[in-house]
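Asks: Sequence:
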Amino acid sequence: MWHLEVIGTKTKVSILTPHLGLLSVLKRRWTASSFALILLIPFHLAITGCADKNYYQIINGSVEAVNDNFIKDRGYSVYFSYDGKKFLLDTGDNVSSFVDNMKTAGISSEELDFVALSHSHKDHTSGWPQLRKQQPQLPIYIPPGKVFSYSAEFNVVNDYLEMSPNITLLHTHDESGSIGIKDELSLLIRTGSGPYLFTTNSHTDFIMKLEKAKGVLGESIFFHSGHIARRISPDDQILATVKKMKEMYVKQVSPSHSHPNHDDIFQEVFGTDYVPAILGKKVPLDLPK
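Heads up: the sequence shown begins at -8 in this note's numbering, then just goes up one per residue.
Below are the DMTMM-like pairs computed for lysine to aspartate or glutamate, each with C-alpha atoms no more than 20 Å apart in a straight line:
no., residue 1, residue 2
1, 237, 254
2, 113, 144
3, 237, 255
4, 137, 165
5, 63, 91
The set of hints was computed from the structure by calculation and includes no laboratory data.
Could you build the full structure based on these sequences and the hints that come with them?
Replies: Okay, structure coming up:
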């Protein structure tokens, strides 16, 4: 019972006491609500797309798809949203499936900053004319050599070219390259975990790529995605190359655009550090701190 006849400090204390109890309850509820909101932030980011700013995504390939909306084929194309840039490595084999998979992934040609073509084979280059039609000024980068006979203007990468502090196009030349391909482009991405190397068919020697990438970046490759040889390469050659990768301190591998039997070799050598490649799946990339 409150005694309102009591004046001064005692009155103030007796009146404030219930409010202090209420404040204590409100404080507990606010703390719980704030904690719940913090837990919901990752979910909110996933819904709004803010968590998807830095990732790569296979757009065309023969690997298993994340869902039935993505069309599998023998071509190869990888999309990147990283370090404030959006770009493609290769543009697939079938124009229809390339365009459909781009739409399924929610990627517009108008948002692309550039495209890199690893080499001139059809299963890697079929989609670029469609992209150029939609964005005439789209920069397209190619390796040197005479195998690209297209009339459109291209940017030739000799040695290597930094597209940003964390994105590098890497050129390798190999006189013994297969099927007439002596020059190829690969992609280097600096991440908080370490350098990522993305290759395609590797008509030029793969170990040469690893060594050059290490020389350019000054550190060993942490993660490799793509293929390390021609699709028809014998298993013993693949095994020797995969073991060499391990010796050169590659930590994780995610083979794609390769013969399915080769995946068993990667799993044998890398164990739990073998990461299955999945068509259409967004794979996060963390920026260096």
